[in-house]
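Produce the complete structure using the sequences and hints provided.
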Amino acid sequence: MKRILIIGATSAIAAACARLWAGEGASFFLVARHAEKLASLASDLDVRGASAVATFIMDANDTASHDAMLEQAFARELDIALIAHGTLSDQAACEQDAALTLREFTTNALSVIALLTELASRFERQRAGALAVITSVAGDRGRPGNYVYGAAKAAVSTFCEGLRARLFRSGVSLTDIRPGFVDTPMTRGLALPRLLTSAPETVARRIKSGVERKADVLYVPFFWFPIMALIRHLPRAIFKRMRL
Amino acid sequence: MSEGLLSWGAYPRLPQRAHDVDWRDELPDVLVSAAKARGTTLAYGEGRSYGDSCLADSGHVLTLRALDHFLFADWSNGILRAEAGVTLESILAAVIPHGWFLPVTPGTKYVSLGGAIANDVHGKNHHRRGTFGRHVRRLGLLRSDRGRVVASPETEPELFAATVGGLGLTGIIEWAEIQLSPIRSSQIDGISVRFGDLDEFFALSEELDAQHEFCVSWVDCVARGKKTGRGVYMAGNFAADGRRAVENRRRLTFPFTPPVSLVNACSLRAFNTLYWRKASSGRRRARMAYEPFFYPLDTLLKWNRIYGTGGFQQYQALIPESEARAGIHALLAAIAQSGVGSFLAVLKRCGDIASPGLLSFPRAGVTLALDFPQTRHLEPRLFSRLDAIVRAAGGRLYPAKDAHMRGEDFRRAYPLWEKIEALRDPLLLSRFWRRVNR
Ligand SMILES: Cc1cc2nc3c(=O)[nH]c(=O)nc-3n(C[C@H](O)[C@H](O)[C@H](O)COP(=O)(O)OP(=O)(O)OC[C@H]3O[C@@H](n4cnc5c(N)ncnc54)[C@H](O)[C@@H]3O)c2cc1C
Ligand SMILES: NC(=O)c1ccc[n+]([C@@H]2O[C@H](COP(=O)([O-])OP(=O)(O)OC[C@H]3O[C@@H](n4cnc5c(N)ncnc54)[C@H](OP(=O)(O)O)[C@@H]3O)[C@@H](O)[C@H]2O)c1
Numbered sequence: 000m001k002r003i004l005i006i007g008a009t010s011a012i013a014a015a016c017a018r019l020w021a022g023e024g025a026s027f028f029l030v031a032r033h034a035e036k037l038a039s040l041a042s043d044l045d046v047r048g049a050s051a052v053a054t055f056i057m058d059a060n061d062t063a064s065h066d067a068m069l070e071q072a073f074a075r076e077l078d079i080a081l082i083a084h085g086t087l088s089d090q091a092a093c094e095q096d097a098a099l100t101l102r103e104f105t106t107n108a109l110s111v112i113a114l115l116t117e118l119a120s121r122f123e124r125q126r127a128g129a130l131a132v133i134t135s136v137a138g139d140r141g142r143p144g145n146y147v148y149g150a151a152k153a154a155v156s157t158f159c160e161g162l163r164a165r166l167f168r169s170g171v172s173l174t175d176i177r178p179g180f181v182d183t184p185m186t187r188g189l190a191l192p193r194l195l196t197s198a199p200e201t202v203a204r205r206i207k208s209g210v211e212r213k214a215d216v217l218y219v220p221f222f223w224f225p226i227m228a229l230i231r232h233l234p235r236a237i238f239k240r241m242r243l
Numbered sequence: 000m001s002e003g004l005l006s007w008g009a010y011p012r013l014p015q016r017a018h019d020v021d022w023r024d025e026l027p028d029v030l031v032s033a034a035k036a037r038g039t040t041l042a043y044g045e046g047r048s049y050g051d052s053c054l055a056d057s058g059h060v061l062t063l064r065a066l067d068h069f070l071f072a073d074w075s076n077g078i079l080r081a082e083a084g085v086t087l088e089s090i091l092a093a094v095i096p097h098g099w100f101l102p103v104t105p106g107t108k109y110v111s112l113g114g115a116i117a118n119d120v121h122g123k124n125h126h127r128r129g130t131f132g133r134h135v136r137r138l139g140l141l142r143s144d145r146g147r148v149v150a151s152p153e154t155e156p157e158l159f160a161a162t163v164g165g166l167g168l169t170g171i172i173e174w175a176e177i178q179l180s181p182i183r184s185s186q187i188d189g190i191s192v193r194f195g196d197l198d199e200f201f202a203l204s205e206e207l208d209a210q211h212e213f214c215v216s217w218v219d220c221v222a223r224g225k226k227t228g229r230g231v232y233m234a235g236n237f238a239a240d241g242r243r244a245v246e247n248r249r250r251l252t253f254p255f256t257p258p259v260s261l262v263n264a265c266s267l268r269a270f271n272t273l274y275w276r277k278a279s280s281g282r283r284r285a286r287m288a289y290e291p292f293f294y295p296l297d298t299l300l301k302w303n304r305i306y307g308t309g310g311f312q313q314y315q316a317l318i319p320e321s322e323a324r325a326g327i328h329a330l331l332a333a334i335a336q337s338g339v340g341s342f343l344a345v346l347k348r349c350g351d352i353a354s355p356g357l358l359s360f361p362r363a364g365v366t367l368a369l370d371f372p373q374t375r376h377l378e379p380r381l382f383s384r385l386d387a388i389v390r391a392a393g394g395r396l397y398p399a400k401d402a403h404m405r406g407e408d409f410r411r412a413y414p415l416w417e418k419i420e421a422l423r424d425p426l427l428l429s430r431f432w433r434r435v436n437r
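Chains as they are written, first to last, in numbering that gives the first Met the number 0: chain E, 0 to 243; chain U, 0 to 437.
Careful, some of the hints might be misleading.
Stated by the list, open to error - Residues from chain U that face chain E, not an exhaustive set, calculated with beta carbons under 10 Å:
{"#": "1", "residue": "D19"}
{"#": "2", "residue": "D21"}
{"#": "3", "residue": "W22"}
{"#": "4", "residue": "L66"}
{"#": "5", "residue": "D67"}
{"#": "6", "residue": "F71"}
{"#": "7", "residue": "A92"}
{"#": "8", "residue": "G241"}
{"#": "9", "residue": "V245"}
{"#": "10", "residue": "V262"}
What the hints contain is simulated information worked out from the structure, not anything from laboratory work. The model shown is predicted, which means the values in this text are computed figures rather than measured ones. For glycine and all other residues, C-beta sits at the position ideal for the given N, C-alpha and C.
In structure tokens form, the structure reads like this:
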């Protein structure tokens with residue numbers, strides 16, 4: 000029976016992963032900022048087969064509360080910790096508002112880096128476990144359409160690259176999950192290309208198996224790997240002229 | 000993200016704009032904003048209704064797919080509470096391991112809990128268990144005029160009776176609590192028997208319905224003359240022992256929508272003759288998994304596409320017991336003569352267990368259901384004849400399957416419709432309701 004910590008548990012992608020684990024009888028420590036949503040999710044996982052579900056209300060940007068949360072979560076050893084929270088930054092608004100840009104950075108990068116720092120030491124001490132964090136394909140290259148969000152995700156990915164190598168020696172894995180377009184509340188109202196957009200349930204299956212087999216970087220679905228390879232290798236002279 | 004939503008029959012082709020609700024606390028706001036453009040809206044479940052009962056008059060629907068959380072389960076007594084967007088498929092996956100099953104299930108598991116209540120669906124065990132609504136203990140409604148209301152047969156009896164089978168008009172169902180049925184095994188001990196005509200069907204039903212919880216028949220809608228009403232009777236009970244497991248069979252998806260229907264007179268005759276011949280003449284018993292028994296059509300996802308871009312209509316009528324033999328015979332004869340119809344025509348005898356719902360479709364009698372590719376001749380040539388037969392027999396059509404019924408016919412068959420109209424939420428209105436109330 001796996002013991003799993005999820006931060007940003009009410010995210011549609013994270014909840015879909017949790018349901019798969021619940022079906023196998025996992026036990027959960029769920030962290031999110033809205034009590035009512037968290038309660039729905041907790042009862043849902045319970046009915047779907049979770050062996051135990053504990054919850055903790057926390058805003059990820061409130062770094063002062065991280066310690067208390069982790070203290071409770073690690074009352075027993077954990078097998079998996081997944082960080083999922085994030086906000087899709089309003090690029091146009093960020094361009095006009097440095098404070099907003101920094102807030103977006105706090106949510107999508109700084110809070111995640113703070114959590115990873117603490118989680119890493121605890122997992123290192125356990126000398127076992129799988130850490131996972133949802134970044135994005137948007138971090139692979141800064142695009143004019145969403146470089147604030149992309150840069151924050153890229154910061155986490157680069158941070159993970161180094162941290163993974165450090166944790167490797169203690170047998171702890173760190174999976175950097177990079178989804179493409181997923182149909183979730185975050186992307187409601189955006190005109191996403193239908194053929195490239197996946198359901199949360201679909202990406203969840205790949206995330207679950209990737210985290211369990213301790214994958215390093217996981218493009219979800221897989222087809223985003225060649226797409227992003229292509230985008231990364233476009234010559235700058237061309238890239239800067241594109242409206243992406 | 001979703002492009003315009005249609006009903007299962009894709010006819011009438013009125014693409015609906017979706018207003019997604021992700022969490023219960025957003026529901027009041029989305030209800031108002033979805034109704035803003037044209038005054039009214041309607042909840043849309045999984046869109047498994049064939050005609051226009053799941054289409055909003057305004058073309059703006061509320062989609063509650065993300066409201067799919069289980070809220071509570073009491074495994075010792077088989078009580079389950081869930082949000083309305085939960086599908087019957089996920090309910091089965093959650094409850095079978097604990098030794099429970101849906102008390103009533105329609106022929107597909109891809110319907111939502113809210114949709115199952117709003118159409119008060121029935122299944123192969125109608126003669127034993129009645130409709131789905133009989134097993135609903137209470138439900139949470141959101142109304143634009145009253146806010147949140149909990150309705151049950153005890154607390155808000157009128158609203159409860161209007162909501163079960165209420166076609167989504169009396170409020171948005173947020174959650175419901177249902178009573179499950181116990182099972183020992185998830186396998187079915189089934190029997191199938193071929194019958195040569197309608198009289199044989201009635202004789203079989205007389206003899207075997209009482210011995211089986213689940214009964215349904217396939218009928219060859221092409222057969223004429225003395226063979227009218229020939230088919231295969233299938234019945235079963237949950238096995239008392241054996242495997243208890245959630246099934247996850249591989250599924251195929253029909254990949255595209257052809258420009259014209261692939262169901263036509265030729266393919267129909269060939270299939271039906273083959274299917275009838277394939278069924279053996281004696282009584283065949285077999286143990287089978289619950290999926291092929293309850294949900295044979297669910298193995299091919301999006302099978303509705305075979306009817307082409309023009310879509311199709313289902314005709315489901317119920318003829319009261321006293322007129323059943325003559326009425327069903329007349330319907331089948333008229334259909335066979337027309338040469339159109341479907342591979343899957345279904346005959347089922349309903350029992351006399353009353354539903355709590357005011358507009359519930361089933362009654363004691365026999366129901367016949369089959370699909371027809373949509374053409375402009377369908378209604379004037381065939382459906383008008385069938386409607387006349389149903390009318391003369393004092394029968395009724397199933398709103399969940401309907402796209403053509405005349406207002407007079409609806410109001411005659413469902414005299415309690417005015418009570419629903421009186422309790423209708425002012426912000427909710429379907430195409431169907433507008434059509435039959437004119
Ligand atoms: C292959 C197949 C087999 C079928 N077999 C049977 C059968 O054996 N017996 C039977 O009875 N039916 C059968 N049906 C019909 C189907 O069960 C019903 O149409 C069912 O109601 C569809 O549920 P849905 O979730 O798709 O709802 P939709 O079709 O999307 O909506 C149906 C109605 O429910 C309302 N509704 C949906 N959600 C809510 C909510 N949260 N609050 C308020 N109102 C809501 C809608 O407004 C609409 O009026 C079958 C359909 C198919 C495709
Ligand atoms: N959807 C996509 O196309 C896509 C693509 C690539 C990457 N991603 C990433 O995938 C992850 C999950 O997103 P999703 O698609 O599942 O969207 P989602 O359902 O909207 O989930 C986002 C979650 O983040 C939470 N959150 C935001 N700020 C928070 C904060 N300060 N503290 C705590 N929680 C906070 C939200 O909580 P509330 O509900 O309380 O607001 C919400 O549960 C995100 O990191 C996102 O960047 C998504």
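Discussion item. For the restraint on U/D21, tell me whether the closest CB of chain E is nearer than 10 Å.
Written reply: holds (4 Å)
*Would you check whether U/D67 satisfies its interface hint, that is, whether its CB is within less than 10 Å of any CB in chain E?*
holds (8 Å)
Min Cβ distance, U/L66 to chain E: is it shorter than 10 Å? holds (9 Å)
So, U/W22 near chain E? Judge it on the closest CB pair being under 10 Å.
holds (6 Å)
Would you check whether U/F71 satisfies its interface hint, that is, whether its CB is within less than 10 Å of any CB in chain E? It holds, given that the least Cβ distance between U/F71 and chain E is near 6 Å, below 10 Å.
query: Is the interface hint for U/D19 satisfied, with its Cβ closer than 10 Å to some Cβ of chain E?
result: At 6 Å from the nearest chain E Cβ, U/D19 passes the 10 Å test, so the hint holds.
query = Is the shortest C-beta separation between U/A92 and chain E less than 10 Å?
reply = Given a least distance of 8 Å, the restraint on U/A92 holds.
Report task. May I ask you to test the interface hint for U/G241 with respect to chain E, counting a Cβ-Cβ separation under 10 Å as satisfied? Result -> It is violated, given that the least Cβ distance between U/G241 and chain E is near 22 Å, above 10 Å.
Practice problem: Report holds or violated for the interface hint on U/V245, using the least CB-CB distance to chain E and a cut-off of 10 Å. | Solution: holds (9 Å)
- request: Would you check whether U/V262 satisfies its interface hint, that is, whether its CB is within less than 10 Å of any CB in chain E?
  value: Violated. Min distance 27 Å.
Taken one by one, the earlier hints fail for this structure at numbers 8, 10, listed in ascending order.
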